[in-house]
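Reassemble the complex: the two chains are provided individually, in unrelated frames, and hints are given to aid placement.
For the protein sequence lines, the chains are U and S, in the order given. As numbered in my numbering, the first sequence has no gaps in its residue numbers, which increase by one up to the final residue, 274. As numbered in my numbering, the second sequence has no gaps in its residue numbers, which increase by one up to the final residue, 364.
In silico lysine-lysine, DSBU-like type, Cα no more than 30 Å apart, as pairs:
id, chain 1, residue 1, chain 2, residue 2
1, S, Lys191, U, Lys184
2, S, Lys179, S, Lys191
3, S, Lys274, S, Lys191
4, U, Lys184, S, Lys294
5, U, Lys64, U, Lys184
Bear in mind the hints are in silico, worked out from the structure with no lab data behind them. From a predicted model like this one, the values you see are computed outputs, not experimental measurements.
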Amino acid sequence: MFRPDFRGKTALVTGATRGLGLAAGLALGEMGAQVVLTHKWGGDDHNAILERFRDRGAPKPIIITADAALEEDTRHVVNLIGDAYGRLDFFVNNVCVTSRGGSLENLKSRDISQSLKYSAWPILTYVKEIRHRFGSPPQKIISMSSDGPDHHYPFYDYVAVSKAALEALTRRLAVELRGKAGVFILRARQVSTDSFSEMFPAASKNILSQAFSSFEIEPDAVGRSVVALCSGYLDGLHGETLCIDKGATFYDNVLSAGPVLMEALEHGKL
Amino acid sequence: MGSFKGRVALLSAGPDKFVECASRLFMNEGACVIVQGKNGQTIGNETVEADSTLDAGTVCAEISSHGLKIDTLIVCALWQTTLTYEIVAAEIHKTVAYLKTTKDVLGEYPKYVVIVTPQKEDNLASAGSASIKTLTGYLTRHLLEQDVRINLCRYAPSEMGMRRTAEAVFMICSGLLDDLRGQQLTISGD
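Just chain S, same shape as in the assembly (with noise of 0.2 Å):
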């Protein structure tokens, strides 16, 4: 217990079981943990009035307005319910437009970034899947030499997936897999 603490974690909107669980893990071990939900929804000890619409710009400036500092991002992409071609090519630009913010406003990198999408049969789902998987491995190449791990998880759309899909992302971002980059980690729901 405790080992996440002065540590803080902002996740972008997402699925909300997954949400709640990887809130709970990060909180349980002391972390401050930031959600960018909908309508100003709160878990955990800290709150951003920002909701899911707004740029990471704004979110990173309400962050820093706080005084704090990101240690981990946790990007949910292609998780709507609906997608079209402008949104899948958003979402693959989303943890581009964190990461060049995070800096930009902050001043540094997250130590951990995981992007987490979902296992969908789906066309457009599956295309932005494929591509976030290459751009992780790009980001990772760019920023080789930076203390930032990026990697990948996919959850299986179910409550044990998007459960264990959290565990995952929590062990990630433990200290216990620092050497862990542009890697893709496919998650199991059975």
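For reference, chain U alone in the conformation it holds in the complex (with noise of 0.2 Å):
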């Protein structure tokens, strides 16, 4: 495997102690940058984290706790990134905070408007007080995405919602930064982690594994697609959006996957 040369490099990684965030953010330190992750609930203990950093034989991560939705938390953490390193290259979006949907009748205002609050409107902040603080964007902006936004799930209305206000966001964000930085949009289709499970039922996870194991995506591919993105071989994809779903949603349709299904449920699989 192609291994770019990140060292002396800075990345902030967005809610980062778990999941993808912290695929990237490892992905990254194996790379040799210096990265900054950010979390607010949850996600594994420090130490885990730390002692998976160093497993990689990354640097040493910087592990804060941060309110996306909360602008002096966002100032703060760019901030402090100034203090210690004078520099950020590497700005990876991930943070991503809703409700479950399900129905028209379960859809709320308020749901909607704090979906946005941590899903969507943090791109801006960060790219903001980054720019404020170091006279010029990161050299690369990832916004870590889905195909919610073109494909139904079950309950993924807010996180849909969200990722599409998120990629057209993104889409200005190339447009403004054009030749200034490398901006893109990273989508992955299923992909085993705790927010999988927390937002899809049990018989959901059972399909996928049972029948479409193909269609899963590992955390450390996604991470892997990061470093590639920011590794300055993909510039020409600036402002596009790059789709890490090993083939699966070209044929994910009844008539295609159907006969999948089906035989998955005569062999008892199911």
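Quick look at the structure:
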């Protein structure tokens, strides 16, 4: 595997003490970057995270508690990075906090507002603060997304709506920052993380693991994709979306996927 | 450096700038690069005595005679200056021909297959590119259980566009994007 050299670089990953955010941080750290991880709720024991970075030969990360919806917390994170390292090269906007949707009756204005506040607006507040502190945006800005904006998944209403807004904002940033930063959207399909288990019912997970295991993406695969986008070799994709899905999206429909499901049922896998 | 050592990349004939940039990126990482060039053109550390008019079978047989197998296949399609209906149909089918032939002659599919087409304001080129995009999805589905990843890169027909596309192809084949399958990447030239 090709390994770009990120020694001397600093990376900020939000919502990064578990799941895809942590995978992105680990992958960047493995290539030598000094990584700063933010979190607000939950996440693994910090010592366990530090050990994972050690195991990868990565520099010790900084882990900061920061609420992505609060501008003062955003300012604190950026200033801390500036004071400690004097630079911020890569920004991975991963934080996503939403409620479960599910039906028209369940959709509430307050929940949509909260979802956007945590999962969409922070891309703008973070980039604004970074530009203010450092005089320029990070070299690479990546928004972590999913194919939810274009495909229905059960209970995924708020996530999908937030990701749609996030992607639109990222594309706008790409226009504004052309020539100044590489701006990308990274979409992944089903990734086996705690967030997935929290969002989808056990039956959904069972269908995926028993009938469509080939669909599943490992978090580390997403982490490596972040590295690829930060490498400089994909600068021609500025403003575009990179979709990591093992090709599943193209044939994920009733007629193509249905027979696979039926076979799994016939073999008692479901 | 050296992350591609032991790997073999076959590039079909294509626009000079793209072929040159892609070849150098792969060679710099230690890959053996074979270019199906014009008039037996050689770039890299292996030569295939084949020109752009020869079919995939002949090219693969030649590669096999050197004791090599193809790890990476880069198919340049629709890059010709003049396109006709017949040429477009053949260009759409080119990747299918290579896949079948590599399997038949060399015993296995390449691990990485990247089709490269130009972004052109031309009816036939647009139709051909759209067809190839769809075919990329279908081929991905057909080979889902195989260790093959097929993707499409569309380059802006400028020097920067071709250089950037070569870099994107290099990254697709780097091992960092192995779950990228059946995708179209549109590469900008500015």
